[in-house]
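Take 4 as the starting number for the sequence shown in this note's numbering and just add one per residue.
Careful, some of the hints might be misleading.
[Stated by the list, open to error] Below, computed lysine to any residue pairings styled on SDA-like, alpha-carbon distance capped at 25 Å:
#  : residue 1 : residue 2
1  : Lys11     : Ile42
2  : Lys133    : Asp182
3  : Lys46     : Ser65
4  : Lys46     : Ala105
5  : Lys46     : Asp104
6  : Lys133    : Asn68
7  : Lys46     : Asn68
8  : Lys215    : Gly146
9  : Lys133    : Gly185
10 : Lys263    : Asp240
11 : Lys215    : Thr183
12 : Lys46     : Ala10
13 : Lys263    : Ala84
14 : Lys133    : Leu221
15 : Lys199    : Asn273
16 : Lys161    : Gly137
17 : Lys133    : Glu109
18 : Lys46     : Ser70
19 : Lys215    : His158
20 : Lys46     : Gly64
21 : Lys46     : Lys11
22 : Lys215    : Asp264
23 : Lys263    : Ile246
24 : Lys215    : Arg250
25 : Lys199    : Pro274
26 : Lys161    : Gly122
These are computed hints drawn from the structure, not numbers from a lab.
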Amino acid sequence: MSSQNPAKRPTAYVALGQQRYRVEHVTSPVLSGITDVTIFDDKIVVLRRQTPELVLLALDGSILNQSAELPQFACGHGLRAVDDNQLVATDMDGHKVVLLDAQMHEIARMDCNEHPALGCPFNHPCDCVKGPDGRYYVADGYGNSAVHIFGANFHHLKTFGHPGNEPGAFSTPHSLIFDTYGRLCVADRENNRVQKFDAEGNWVGQIEGLYKPMALALTPDGMLLISDQTPRLSAYDPSGQLIGRCRTFSTYAHGLAVQKDGTIAIAEMNPDRVTLLVPVPNADGH
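Generate the whole structure from the sequences, applying the supplied hints.
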């Protein structure tokens, strides 16, 4: 005898190293077109590729009645909280990087005055991060194969990288973040690796064994998270040792962010949703 109410699926769990996580999916039409996610002002901020571009969620994934448009954007791609009161958003097809305040208003930008160029800032940029020294680093990933460094005053200082697959070259630098040792990690997507550089762009190493890495994030204890198109999420300790892997649940885990309690927020595409990996205490309570 069939039931009109299908059985609810059991809760899924994954593990990264010694940490076990409960999987929770947040689905809603307001998350369609999702491209990235960050944690800001004790909220999850979602960047979409359609209006309204910014949608706010509570840390438990509850959708809040708060959103903001980015009328100056052609097509958003990356989003990061770079200070307690500052977000940085990357406009892939508008060839610019925009700084936003806590009210989601533009306060500064780095752009090319709508004149994209090969080898110069910008040509379809993907992501931006603020370095420990206050400088900004931009992965100029789709039209260029480079990383640009800007001063705290948003003036362009230098560019490193070029098309290729040798150390220091890129093919779609897609995401970037500084690790606990102050090394710049760059997801070199089409070269199937994450390269590591010092703050001046000198190559110091790389992580291989990846398939088209998409997004990078750090956990509170310094673990480097890397999503790729397997699709999976890999965790590396600060020395670069692989300590855990799990599957992601949509075709692309395009963005990553980590809450203070270690909950991992994933901007998943196809189907579009936010997936939360919520830490589960071990038997000893840790």
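Verification of the supplied hints:
{"no.": "1", "hint": "Lys11 x Ile42", "in the structure": "violated (30 Å)"}
{"no.": "2", "hint": "Lys133 x Asp182", "in the structure": "holds (12 Å)"}
{"no.": "3", "hint": "Lys46 x Ser65", "in the structure": "holds (10 Å)"}
{"no.": "4", "hint": "Lys46 x Ala105", "in the structure": "holds (11 Å)"}
{"no.": "5", "hint": "Lys46 x Asp104", "in the structure": "holds (14 Å)"}
{"no.": "6", "hint": "Lys133 x Asn68", "in the structure": "violated (29 Å)"}
{"no.": "7", "hint": "Lys46 x Asn68", "in the structure": "holds (12 Å)"}
{"no.": "8", "hint": "Lys215 x Gly146", "in the structure": "holds (17 Å)"}
{"no.": "9", "hint": "Lys133 x Gly185", "in the structure": "holds (11 Å)"}
{"no.": "10", "hint": "Lys263 x Asp240", "in the structure": "holds (18 Å)"}
{"no.": "11", "hint": "Lys215 x Thr183", "in the structure": "holds (23 Å)"}
{"no.": "12", "hint": "Lys46 x Ala10", "in the structure": "violated (32 Å)"}
{"no.": "13", "hint": "Lys263 x Ala84", "in the structure": "holds (13 Å)"}
{"no.": "14", "hint": "Lys133 x Leu221", "in the structure": "holds (14 Å)"}
{"no.": "15", "hint": "Lys199 x Asn273", "in the structure": "violated (30 Å)"}
{"no.": "16", "hint": "Lys161 x Gly137", "in the structure": "holds (15 Å)"}
{"no.": "17", "hint": "Lys133 x Glu109", "in the structure": "holds (17 Å)"}
{"no.": "18", "hint": "Lys46 x Ser70", "in the structure": "holds (12 Å)"}
{"no.": "19", "hint": "Lys215 x His158", "in the structure": "violated (31 Å)"}
{"no.": "20", "hint": "Lys46 x Gly64", "in the structure": "holds (9 Å)"}
{"no.": "21", "hint": "Lys46 x Lys11", "in the structure": "violated (28 Å)"}
{"no.": "22", "hint": "Lys215 x Asp264", "in the structure": "violated (28 Å)"}
{"no.": "23", "hint": "Lys263 x Ile246", "in the structure": "holds (20 Å)"}
{"no.": "24", "hint": "Lys215 x Arg250", "in the structure": "holds (15 Å)"}
{"no.": "25", "hint": "Lys199 x Pro274", "in the structure": "violated (31 Å)"}
{"no.": "26", "hint": "Lys161 x Gly122", "in the structure": "holds (11 Å)"}
Violated hints for the displayed structure, listed by number in ascending order: 1, 6, 12, 15, 19, 21, 22, 25.
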